[in-house]
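So in my numbering, spot 335 of the sequence shown is number 335, and the numbers just go up one at a time.
Derived by calculation from the structure, the hints in this document are not laboratory data. Given the structure is predicted, the values throughout are model-derived calculations rather than measurements. Not one of these hints is a red herring.
Straight line, CA to CA, 20 Å or less: simulated SDA-like cross-link-like pairs of lysine to any residue:
1. LYS284 - ASN409
2. LYS141 - ASP20
3. LYS215 - VAL365
4. LYS165 - LEU100
5. LYS141 - GLY18
6. LYS141 - LEU129
7. LYS284 - THR106
8. LYS165 - GLU107
9. LYS141 - LEU17
10. LYS419 - GLY293
11. LYS215 - LYS411
12. LYS165 - ALA353
13. LYS141 - TRP77
14. LYS15 - THR5
15. LYS419 - GLY290
16. LYS141 - GLU16
17. LYS419 - GLY286
Here are the simulated distance ranges between beta carbons:
18. ARG416 - ALA119: 28 to 36 Å
19. LYS288 - LEU308: 24 to 32 Å
20. TRP386 - ALA257: 16 to 24 Å
Built from N, CA and C at the ideal position, the CB exists for glycine as well.
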Amino acid sequence: RNSLTYTAPVMVASKELGLDVSSIGAMTSIFPIAYGMSKFVSGVLGSMMSASRLLGLGLICTGLINVCFGFGSSLAWFCTLWAMNGILQGVGGPCCARILTSWFATEERGTYWGMWNIAHNLGGFMAPLLAGSAAASLGWKWGMWAPGMIGVVVGCILLLGVKDKPETAGFLPVEEEAVVMEVVDGGDGSDSSSSSPPKKEKETIKQILFDNVLKNPFIWGMALTYFFVYVIRQGVTSWFVFYLLQEKGASDAGIAAQRVSGLELGGLVGSLLAGRLSDMYIAKSGGKGGIVGKRVQVVISYTVGVALMLLAFRAVPASWPVAQWICIFMIGFFLYGPQMLIGLCGAELVGPASVGASEGFLGWVAYLGAANAGVPLSIIVRDYGWNAYFTTLLFACAGALLLLAPMTNLKSFSQRTNKGK
1 RNSLTYTAPV
11 MVASKELGLD
21 VSSIGAMTSI
31 FPIAYGMSKF
41 VSGVLGSMMS
51 ASRLLGLGLI
61 CTGLINVCFG
71 FGSSLAWFCT
81 LWAMNGILQG
91 VGGPCCARIL
101 TSWFATEERG
111 TYWGMWNIAH
121 NLGGFMAPLL
131 AGSAAASLGW
141 KWGMWAPGMI
151 GVVVGCILLL
161 GVKDKPETAG
171 FLPVEEEAVV
181 MEVVDGGDGS
191 DSSSSSPPKK
201 EKETIKQILF
211 DNVLKNPFIW
221 GMALTYFFVY
231 VIRQGVTSWF
241 VFYLLQEKGA
251 SDAGIAAQRV
261 SGLELGGLVG
271 SLLAGRLSDM
281 YIAKSGGKGG
291 IVGKRVQVVI
301 SYTVGVALML
311 LAFRAVPASW
321 PVAQWICIFM
331 IGFFLYGPQM
341 LIGLCGAELV
351 GPASVGASEG
361 FLGWVAYLGA
371 ANAGVPLSII
381 VRDYGWNAYF
391 TTLLFACAGA
401 LLLLAPMTNL
411 KSFSQRTNKG
421 K
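Input sequences plus hints: build the corresponding full structure.
Next up, the structure:
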């Protein structure tokens, strides 16, 4: 996904391609549009298919797209392939969400969801080392080929080694509703469970998307919260370098980038800790209260932390670069926790068959938020200054908190199902 970001400077420098910064901008603008729509559509349609196969094939195809990208020489070729890459990338999130909710029980799911979520941070860390180094030393084509080849290999490993759910690998389901809600089939038309639970017809797309997801008001609450979280996230990643250059004494873009580097590192730590904290909170409750509500309470605490760190970063003097780095680290720490846990809350609010659709819908709304952190925030900065920029981010924090407030005792799908038995 990030291979183009770190290969682009070498492409612009290549006279034979005849590209400029606006050409790269055209490619990078296409990706999030294709990605957001794909995440929504694949989340719904993918619920009807094997998650592990779709994940593996999607990764193989996106790797091949990166390889094919390296054989091109025209802007039309690059834009078309990068749009296709966005479409294929959108398949991954919903598939991973379905696999995680099938393999890990409620009391441990937050920890493993957090481990999965740090792929954003690790990938962001590895991309410049792999793609950037390959492009600089071997030419821009290898900046695309090297990540693409690795993607193909890892995709093949996923196809061979990952199973959709424990039952597929011969284990018992991790939670009781997996036996009740799923169609139990041993593969030869016979029941794989000796208890012979009542079979349930496979849910239709209408049931998966409309009945289970779009008609759930709390999913809409989570989606709008995600919108605000992504306004903050994209607003921070897109504009902090400019802010440091103009207001905080950074002498050049390289120095500013070094100070912003703490964001991803803080996000890695914050994601892992948020998942673990929510699991511990649920375990200590002894089954009392809503499982999703307890994760929401952690999200609220983290969101308050984001607001406080934004204020601290705005106030820190330009002559204190270390303090600026620490503030940015803490912003990443508090910001990536809600980004991770909201997706998990959305998955736990719906039944197993609708996890992909829920993740796809939440992801689509989130990227609408990311889009609103582009041009709208640039206009705010240009016309009203950096005070207005920080005020906008703080209002986004407030909007998220208002949406989360009624959901602090929300019960998960498994809790509602077990209560109804």
